[in-house]
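Asks: Place chain B on chain A using the hints.
For the protein sequence lines, the chains are A and B, in the order given.
Counting from 1, position 66 in the first sequence corresponds to residue 66 in this note's numbering; the numbering is continuous, with no gaps.
Counting from 1, position 343 in the second sequence corresponds to residue 1343 in this note's numbering; the numbering is continuous, with no gaps.
These are computed hints drawn from the structure, not numbers from a lab.
Just so you know, even glycine gets a beta-carbon here, dropped at the ideal spot from N, CA and C.
Errors might be hidden in some of the hints.
[What the hints assert, rightly or not] Computed list of lysine-lysine pairs in DSBU-like fashion (alpha-carbon distance at most 30 Å, straight line):
1) 197(A) to 147(A)
2) 1398(B) to 231(A)
3) 278(A) to 1259(B)
4) 1340(B) to 265(A)
5) 147(A) to 31(A)
6) 265(A) to 1297(B)
7) 1340(B) to 231(A)
8) 261(A) to 1272(B)
9) 1398(B) to 58(A)
10) 1132(B) to 28(A)
11) 231(A) to 1011(B)
12) 237(A) to 1398(B)
13) 103(A) to 207(A)
14) 237(A) to 1011(B)
15) 1272(B) to 1297(B)
16) 1196(B) to 237(A)
17) 31(A) to 1259(B)
18) 1259(B) to 265(A)
19) 261(A) to 1259(B)
20) 1011(B) to 276(A)
21) 197(A) to 1340(B)
22) 1272(B) to 265(A)
23) 261(A) to 1196(B)
24) 265(A) to 1011(B)
25) 1340(B) to 28(A)
26) 276(A) to 1060(B)
27) 284(A) to 1259(B)
28) 1132(B) to 237(A)
29) 1132(B) to 31(A)
30) 1259(B) to 237(A)
31) 1398(B) to 261(A)
32) 31(A) to 1196(B)
33) 1272(B) to 31(A)
34) 231(A) to 1401(B)
35) 58(A) to 1132(B)
36) 28(A) to 1011(B)
37) 1259(B) to 276(A)
[Said to hold, decoys possible] Just some of the chain A residues that point at chain B, by a computed CB distance under 7 Å:
38) 29
39) 44
40) 241
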Amino acid sequence: MSNFEIVTRENFSDLTYLLEVHHPLMAKAAKPGQFVIVMLSEHGERIPLTIADFDREKGTITLVIQAIGKTTRQMQQECQVGTSLYALVGPMGIPSPISHAKKVICVGGGLGVAPIFPQARGFKEAGAYVIGVVGFRNKDLVFWEDKFRAVCDEFIICTDDGSAGIKGMVTAGILQAIDKHPDIDEVVAIGPPIMMKGCAEATRPFKIKTMVSLNPVMVDGTGMCGGCRVKIGDTVKFACVDGPDFDGHLVDFDDLMTRLKRYTKEERMALDHWEKEKGCRLQKAVDKTIAATDLR
Amino acid sequence: MREQDPAVRAKNFEEVACGYHPDDAMREAERCLICPDQPCVSGCPVGINIPGFIQKISEKDLRGAYDILTETSLLPAICGRVCPQENQCEGVCTVGQSLEAVAIGRLERFVGDTAIREGWANIPYIEPNDFKVGIVGSGPAGMACAADMAKAGCDVTVFEAFHQPGGVLKYGIPDFRLPNAVIDAEIGNLRKLGVKFECNTLVGRLFTIEQMVTEMGFHAVFVGVGAGYPTMLGIPGDSLNGVLSANELLTRCNLMRAKEFPSFDTPQPIGKRVVVVGAGNTAMDAMRVSVRLGAEKVYCIYRRSRKEAPARAEEVHHAEQEGVEFNWLTHPVAVLDDGKGNVRGLRCVRMELGEPDASGRRRPVPVEGSEFDFECDLIVYAIGTNANPIMGQTSQLKLNKWGYIDTDEGLATSIAGVFAGGDIVTGAATVIEAMGAGRTAAASMKAYLGIRDSALPYTSGSEKLFGIDLRERNFTRVRVA
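The following block holds chain A by itself, in its conformation from the complex (with noise of 0.2 Å):
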């Protein structure tokens, strides 16, 4: 088998879609918290991926991936069980601490759900009391609810709509969480950078160790660009190889917000350019398939 082979995917949503690649070397390096950078072909852009999961025994990596931009719609399309990644590296960035924390809650929001899972069940096999958290826009979009409760000792689902578990953002979750537990020892967020900040908020003013994975725009991964370079506290520090990784109370989220801004028009272009070039591919195979029908 080649190695970037596909071997599994499921389709979670419209939007949200997984893939299992094969990779045994990485599988047996990854550890929770890490990333990979995938580039689809090779004209393609180096996107970089939490690890959602990683089976040693099999050799493969799981990616949970949300269809938005351009290299994540066309992978969406294209990724199909047999066909190959172009370049698939890591695992990048240091491995999250998973502490000594006696209980903890796993928080995941969005595409964050994924990634908060090889973390919830490090810190189970760390032999802390976990509480997940996850956050979806509703019932019908909710995934791994059976993976997630095998590994938390109590587990809650907030959506927007209230359509399954509690209604509200992964913040009403954590507070829920606190007033249960007062005795909570750190929090782990990942999700996009709002919901992350959200949570970084609730939990100021309880003065609780709060862990949150960075997703900056980043080119190689391996420290050389500086594209991902984010606001610690005072200091500045590279979210592909500082992090990813970082304390939420001294991020500054604002910051990362604008800076993810930063290619939106280009984004826009490129997504534009591929569905016409994709329309151009289907106009021809249409013709093409006139053109022979005509000769028969």
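Replies: Leaving out everything else, chain B in the frame of chain A:
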């Protein structure tokens, strides 16, 4: 040597210097005095037999010239282009004392290009031994070390984190200075020596240096991962959109081919008015790339004067020709924002030269009240790099206080069998210095493994030794005989 007209080349990524016509090369070669002191040879970090190969050119024996070059220089087409010859061989050339120095670099490139065009490769007779050597990083240091170890008969694997081999030659140096085709040709020559390249492999994280030695069966390892980690200025506004490192600009443009966006997916930050901070070779590359990407105005700002600029003289000259405006003795104090998180300008202060500092260069000091603003929308920092932290994070290698790998003179690290060289040991330097380090490490590695260093006794002298052609360079046959 003929060059593309500045007005034309500022709009393309074709090579600036077109290379010698054979007649021009012959004429230039004849200027060499073949002087007995050979100052150029001692001026060369790898000690190329310069008068030797030049004499062959003037004898119209290009293959002979190539053979002499490849005795010591592994990658002549690359070195001829990117070596700072004016500080090395050409700087000490005897002709250069009264006239213009012999254009050694251009002649080297001429021979290297001819070899690529003709498909020449000097593959020596290699007797395989059972040693497995791992090289971390496929840049110039790694390439040089890989070539020497492969020639010595080892089974060599080069690991590269990017999806293509070549390191800084690929991601850093732009096409107009060093075309990718040249790098690929030289990498092809390494493959012919039996060197294997494994891309998409982040050593340290996928497996560690210690694992290479203990579990993976590598008898020796060379670490040439480069310095990486770009320095930011640490002034207000550093994190605004529109401020980026030269590494990022160049990697997007060269390796990811963002200049062809949206045919290639990686976007390129395009500035109308670009300020590049720094005056080294990387800074020159960043400026000239910006010109080609369509910037209306490109400024260079550097806190010292032109005399102290670390870039090759030719690069500064080329950048000037292409319309870059140099502001010497100018230092940035703050990046100005437009209120939406983007760059609006750069506040600078004029400097004057004071007393010499530790580096022997006169220390620039700010002139009070001389603050002024540049209007710009893109700011590129090319002010050097720090040590990449990955090796330190993932291995027990002893580091010095700046985070670079600590080695002895032979480039052995604190772990037995592991050697290191290039920017990760010395801090940012040149391609040829990195290659020199790769070769020094290879020599130590051979001594460590107990391999007879066949390269040593053959660097000069007769065409044949013990009746064996010099190109074969291996004692094994002598032992067998």
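Asks: A separate judgement is required for each hint: does it hold in the structure or not?
Replies: How the hints compare with the structure:
1. 197(A) to 147(A): Holds - the C-alpha atoms of residue 147(A) and residue 197(A) are around 26 Å apart, at most 30 Å.
2. 1398(B) to 231(A): 29 Å, holds
3. 278(A) to 1259(B): Satisfied, since the Cα-Cα distance of roughly 22 Å is no more than 30 Å.
4. 1340(B) to 265(A): Holds - the C-alpha atoms of residue 265(A) and residue 1340(B) are around 15 Å apart, at most 30 Å.
5. 147(A) to 31(A): 18 Å, holds
6. 265(A) to 1297(B): This hinted pair holds, its Cα atoms lying about 23 Å apart.
7. 1340(B) to 231(A): Roughly 18 Å between the alpha carbons, so the hint for residue 1340(B) and residue 231(A) holds.
8. 261(A) to 1272(B): 19 Å, holds
9. 1398(B) to 58(A): Roughly 36 Å between the alpha carbons, so the hint for residue 1398(B) and residue 58(A) is violated.
10. 1132(B) to 28(A): 23 Å, holds
11. 231(A) to 1011(B): 37 Å, violated
12. 237(A) to 1398(B): 23 Å, holds
13. 103(A) to 207(A): 15 Å, holds
14. 237(A) to 1011(B): 36 Å, violated
15. 1272(B) to 1297(B): The hint holds at about 7 Å.
16. 1196(B) to 237(A): 35 Å, violated
17. 31(A) to 1259(B): Answer violated: residue 31(A) to residue 1259(B) is near 36 Å, above 30 Å.
18. 1259(B) to 265(A): 16 Å, holds
19. 261(A) to 1259(B): 20 Å, holds
20. 1011(B) to 276(A): The hint holds at about 28 Å.
21. 197(A) to 1340(B): 20 Å, holds
22. 1272(B) to 265(A): Given pair residue 1272(B), residue 265(A) holds - Cα atoms ~16 Å apart, limit 30 Å.
23. 261(A) to 1196(B): 40 Å, violated
24. 265(A) to 1011(B): Cα-Cα ~24 Å, so holds.
25. 1340(B) to 28(A): 44 Å, violated
26. 276(A) to 1060(B): 55 Å, violated
27. 284(A) to 1259(B): Holds, because 28 Å separates the two Cα atoms, which is no more than 30 Å.
28. 1132(B) to 237(A): 37 Å, violated
29. 1132(B) to 31(A): Distance of about 29 Å is within 30 Å: holds.
30. 1259(B) to 237(A): 28 Å, holds
31. 1398(B) to 261(A): Since the Cα atoms of residue 1398(B) and residue 261(A) sit roughly 40 Å apart, the hinted pair is violated (cutoff 30 Å).
32. 31(A) to 1196(B): 28 Å, holds
33. 1272(B) to 31(A): The hint is violated at about 44 Å.
34. 231(A) to 1401(B): 24 Å, holds
35. 58(A) to 1132(B): 28 Å, holds
36. 28(A) to 1011(B): Measuring from Cα to Cα gives roughly 48 Å; hence the hint is violated.
37. 1259(B) to 276(A): 20 Å, holds
38. 29: With a minimum Cβ separation of about 5 Å from chain B (threshold 7 Å), the hint on residue 29(A) holds.
39. 44: 5 Å, holds
40. 241: Nearest chain B Cβ about 5 Å off; hint holds.
In summary, the structure is inconsistent with hints 9, 11, 14, 16, 17, 23, 25, 26, 28, 31, 33 and 36 from the numbered list given earlier, while agreeing with the others.
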